[in-house]
Amino acid sequence: MPERELTFAQAVREALAEEMRRDSHVCIFGEDVAEAGTPFKVLSGLVEEFGAERVVDTPISEAGFTGVAVGAAMTGMRPVVDIMFGDFLTLTMDQMVNQAAKVHYMSGGHWRVPMVMRTTLGATRRSAAQHSQSLHAWFSHVPGLKVVLPSTPYDAKGLLKTAIRDENPVVFFEDKMMYKLKGPVPEEDYTIPLGVADVKREGDDITIVATSSMVQVGLGAATLLEKEGISVEVIDPRTTWPLDQKTMIESAKKTSRVIVLDEGYGRYGVTAEIAAVIAEGAFYDLDAPVKRMGAMHVPIPFSPPLEDVTVPTEETVYEAARSMCKRS
Amino acid sequence: MTTATTRPDAGPEVSAEREKWLRVYRQMVSIRLFEEQVNELYTRALMPGLAHLYSGEEAVAVGICEALRRDDYITSTHRGHGHCLAKGASPDRMFAELLGKEAGYCRGKGGSMHIADPATGNLGANAIVGGSVGIATGAAFAAKRLGTDRVAVCFFGEGALGQGSLYEVMNLAQLWKLPVIYVCENNLYNEYTHYTETTAGTILGRATAFGLEAASVDGQNVRAVNEIASRLVRRARAGEGPAFLQADTYRYSGHHVGDINREYYRSKQEEQHWKTDRDPIKLHLNWLLAQGYADAASLESIAAEVRSEMESAVKFAIAAPYPSVEEVEKHVYA
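Note that the protein sequences, when read in sequence, are chains A and B. For the first sequence, our numbering begins at 1 and goes up steadily by one. For the second sequence, our numbering begins at 1001 and goes up steadily by one.
Here chain A stands alone, though its shape is the one from the complex (with noise of 0.2 angstroms):
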């Protein structure tokens, strides 16, 4: 029988029923996430399944119901936070950071926030500067969150479930490009433990470590390579926070050569901390200096051609891997 497919938004789907079905305390917060079931349709169906008490639609206020998933989280409920926009997260940045983050601490380790905030990233939807950004940077970057940013359809459902039980607030970065991605989706049961890499394409000539859609671009790029004779490992850490170094270092070590490829900001991003981490762990088998690419750094503009030249492409990457191993 061949394995069942599913989009990446029914994969999302799909695990948040089946924690609801699981664990009566999880419910989710959120803009339309009832009847509407999202702007991308990602939530479909689950009011008519777990009633409109557990999937809660909220004013327009993102601050205020973040607020209150923390609050809930810490006296017995497991809300999972819809935040449709990731440019939107600037709103809930003082109950992110300054409450949910430290909570845990600040009390000696007497309160807990299991609770997960899930949110998009990405441009090229032609949605100009304020609903294209991708600001994983930011959480990852604060000590107390951890931060997860699935690459394809299966990894969506299996991390999804893993943060949902995780005690610790979780920001979840779904790229709204790729929810009509299909992949296979096994229907059991299973989780992807928080920090483990996984290494999507072997390789011996170059690294390329990606994140969210920026995977995708990566596996693009590393097809066209092979036709040059280039085999292209690439690594997903999947999630920034915890972050999988040794996957990472073992693979540069291997390869010699590596791109770090992320959709955020490349200044003082995701790309610098991991290519700085590969310095430090495999300098002294690097054959070129890490290579960062990430959004370019201007707002997202709206024009078609401006836009798309703002992030990495499979040609981007392409011509870049091929002047890394001296083939240009």
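Source of the hints: derived by calculation from the structure; they are not laboratory data. One thing to keep in mind: the hints can contain errors.
[Stated by the list, open to error] In silico lysine-lysine, BS3-like type, Cα no more than 30 angstroms apart, as pairs: (1) LYS253(A) x LYS326(A); (2) LYS41(A) x LYS1177(B); (3) LYS41(A) x LYS161(A); (4) LYS200(A) x LYS246(A); (5) LYS1275(B) x LYS161(A); (6) LYS200(A) x LYS291(A); (7) LYS227(A) x LYS161(A); (8) LYS1275(B) x LYS1020(B); (9) LYS246(A) x LYS1177(B).
[Stated by the list, open to error] Which chain A residues stay away from chain B? Per the calculated CB distances, all over 10 angstroms, these: (10) ALA36; (11) GLU49; (12) ALA69; (13) TRP111; (14) SER140; (15) GLU167; (16) TYR190; (17) ALA279; (18) ASP287.
Note that the structure is a prediction, hence the values are computed from the model and not measured. All C-beta atoms, glycine included, are put in the ideal place defined by N, C-alpha and C.
Position chain B against the provided structure of chain A, taking the given hints into account.
Okay, now just chain B, sitting in the frame of chain A:
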């Protein structure tokens, strides 16, 4: 509890009332003397960091917490010692926390502004003004959803009226009929600025705009505070929804212990007026005497007991060890 003279016809009900108001007296005195010790520790440079004293506002915390069960929730503020004590925290572990000791409520990692204690439903003091309004509302959500009939009280100062998230959560609480009571302690000053310079309209108008049950009370009268709090708690517990209480009070000290020269924002006469004529402990003491619930000597002996309890709590905290350095990386994640 110290015995005292009561009227000869006192029945069991009167006796319970008397016990209650003597307990309230003791609690208020405890907070006052706790804060005196804090000031002393700070002045003697025995305390790291700063402290924001609650002296003058005791009737609010005590009047409200007296209306709560132990398993009800509170959230507190940077000026939180009074709330924590009134909800049942013990002074020795509080002092230990203020001194950064391992025996403290947060193993020394929270300090004065972050006392938290699950055993007494204390979700934590919070050093972000208005930072806990969401947490209290979320605790009320969980209480309702889990059917525990617990109530959450969210203490904040009138300075938090400037924070938008308060209005977001009051809206949510009213929409969802959550058992949460927002208690605005109006001590007149947002740090060093009179609240009338920062607050347009009325305080209660902010709550009534969302349809919350709203009331104001003389925050120096512990019985008045307790009476109205009891009504609002009963209502919330019965599923009738959230409420907002404005308690008018006064902060005897500066914004923090180091805020000594205050003439540029308030006069000494004003401070003296509140201390002389509006002191919540004196007012309650006089009432106890007038009711015949206690005589002056027995009230003084309660105060003496509390004073010696505070002194030994401070001694405990000073003698307690600091956490070992390994503690620094514990509890970042659960």
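Violated hints - listed by number, lowest first: Those not satisfied are hints 5, 7, 9, 12, 13, 15.
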